[in-house]
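Asks: Sequence:
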Amino acid sequence: MTLARFPLSRSRLPSALLMALLLGGCAIGPDYVAPSMELPTAFRHQDGWQATASLAEQPAPGAWWDIYRDADLDRLLREVEQNNASLAEAEARWRQAIALIGSARAAGLPTVGAGVSRSRTGGNTTTTRNVYGAELDIAWVPDLWGRVARQREAAQADAQAAQALLDAARLALQLEAAQGYVRVRALDQHAALMARALTAYERSLQLTRRQYEAGFVARADVIQAETQLQSLRTQVSAVQRQRTLEEHALATLAGSTPAQWRLTPNDLPLPDAPAVPAALPSALLIQRPDIAAAERQVASANARIGVAQSAWLPDLTLGATGTLQAGGWQALWDAPTRVWSAGPALAATLFDGGTRRSVLDQTRAQYDERAAAWRSAVLLGVRETEDALASLQSLSEQDAQQQELVRLASENEQVVTYRYEAGEITFLEVATAQNLALQSRRNALDVQAELLTASMRLVGALGGGWQMPDS
-4 MTLARFPLSR SRLPSALLMA LLLGGCAIGP DYVAPSMELP TAFRHQDGWQ ATASLAEQPA
56 PGAWWDIYRD ADLDRLLREV EQNNASLAEA EARWRQAIAL IGSARAAGLP TVGAGVSRSR
116 TGGNTTTTRN VYGAELDIAW VPDLWGRVAR QREAAQADAQ AAQALLDAAR LALQLEAAQG
176 YVRVRALDQH AALMARALTA YERSLQLTRR QYEAGFVARA DVIQAETQLQ SLRTQVSAVQ
236 RQRTLEEHAL ATLAGSTPAQ WRLTPNDLPL PDAPAVPAAL PSALLIQRPD IAAAERQVAS
296 ANARIGVAQS AWLPDLTLGA TGTLQAGGWQ ALWDAPTRVW SAGPALAATL FDGGTRRSVL
356 DQTRAQYDER AAAWRSAVLL GVRETEDALA SLQSLSEQDA QQQELVRLAS ENEQVVTYRY
416 EAGEITFLEV ATAQNLALQS RRNALDVQAE LLTASMRLVG ALGGGWQMPD S
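Using our numbering, read the sequence shown as starting at -4 and increasing by one per residue.
Check each hint, because a few of them may be wrong.
To be verified - Have a look at the derived ranges for each label pair, beta carbon to beta carbon:
{"hint": "1", "residue 1": "Arg90", "residue 2": "Ala337", "range": "36 to 42 Å"}
{"hint": "2", "residue 1": "Arg88", "residue 2": "Gln235", "range": "37 to 43 Å"}
{"hint": "3", "residue 1": "Asp394", "residue 2": "Glu424", "range": "24 to 30 Å"}
{"hint": "4", "residue 1": "Arg351", "residue 2": "Val111", "range": "37 to 43 Å"}
{"hint": "5", "residue 1": "Leu403", "residue 2": "Ala186", "range": "22 to 28 Å"}
These are calculated hints, taken from the structure and not from any lab test. Backbone N, C-alpha and C define an ideal beta-carbon position, used for all residues, glycine too.
All chains should be modelled from the sequences, with the hints used to inform the complete structure.
Replies: What follows is the structure in structure tokens.
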């Protein structure tokens, strides 16, 4: 049940108004304290990478992919940012959160209502007549306990979280597109490498046929050379199909259809993976948009605890009403009948069956949930950074070993070819050497592509140069 609103005497109006203004500066509920978490002073796999203590020591970042110096990559990622449908959804959610800030702010302002009316009155003892009226209502509920302030605080934190989630979605999609781009460029390299191998295999087949016609080799060598050439042609078709599918995926990320979007084949070498400086683990708390979003959600949940606690306290309403009545529209503003009233009123809920207690318990549980989600996001950020650093270290070593294997396999291919031309060995040894050399070169391309994508994952794990925008 709710207490009926009761007017205070006019002599107490100034004191009630003063009390409302004084109490309006207070806010019930816990003041927000940002969550903290003890982190190590360095990453486990940070050896060989430059460590920085804070973002302030780093140069102002541009687009995170600028370090790769690739015009096609830049074009692709900017199209993703401008045209991706998933980003448009996230941006719309952010605008909804911004609108809620205005709604929360308006809750603390006075409301003004006005109306006009026309009625016909009469009875057994009175003459029937028309009555015209105009009314103006003004009401204000001062924020005695800081409820509106907490609502506004929660709305602002929600908007900041939505902004950070939008940036996190943008970064994730850009990373997905960048890694897909690397795969396409690696497939272009594979296609160019296999095209050169096709030329070499065709020459080997011609040589084998001439030697067979001259009676130097058996028919089995010709069949072996033809089989090797056909096998490579089949692999070329598979690479072309895989590239087509990867290009279709990039077109979707760029907000286009496969028929509208093309990535011109480019057989230039992949760019080297740059040495991306690794921040200290604690810097992740301000660098990563997903962690920042989780922290802002904790702040929002904390403010809503205060909103729930204020439900136990009474509301003070300051209101005024004025009414004019006359027998016609023209005479309304000169009407002899004027009615007005003004005064404060208090109202409080005495019994609600436990609703307020349930709401408060719910908000506290939501706070605990958001705090746990923040800790989980921090741990995930540290893990992803460690994974990227470990991958870069391992792949760098693997790349050096693979390059040595390419050198040895190429030398072996050359020696075996000379021996075959001299008639010392069968074509089977030539085929084995050529296949080993081709496979080692293709493996080297794969390692270089993995090294490049690992560096991109590290950039993403460190937040992509992201910083919380000013609210």
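Asks: Could you run down the list of hints and mark each one as holding or not?
Replies: Against the structure, the hints:
In this structure the supplied range 36 to 42 Å holds for Arg90 paired with Ala337, their Cβ-Cβ distance being about 40 Å. In this structure the hint that Arg88 and Gln235 lie 37 to 43 Å apart at CB holds, the actual value being about 40 Å. Taking the beta carbon of each, Asp394 and Glu424 are about 29 Å apart, inside 24 to 30 Å as hinted. Here the CB-CB span from Arg351 to Val111 is close to 40 Å, well matched to the stated 37 to 43 Å.
Taken as a hint, the range 22 to 28 Å holds for the pair Leu403 and Ala186, whose Cβ atoms sit roughly 24 Å apart.
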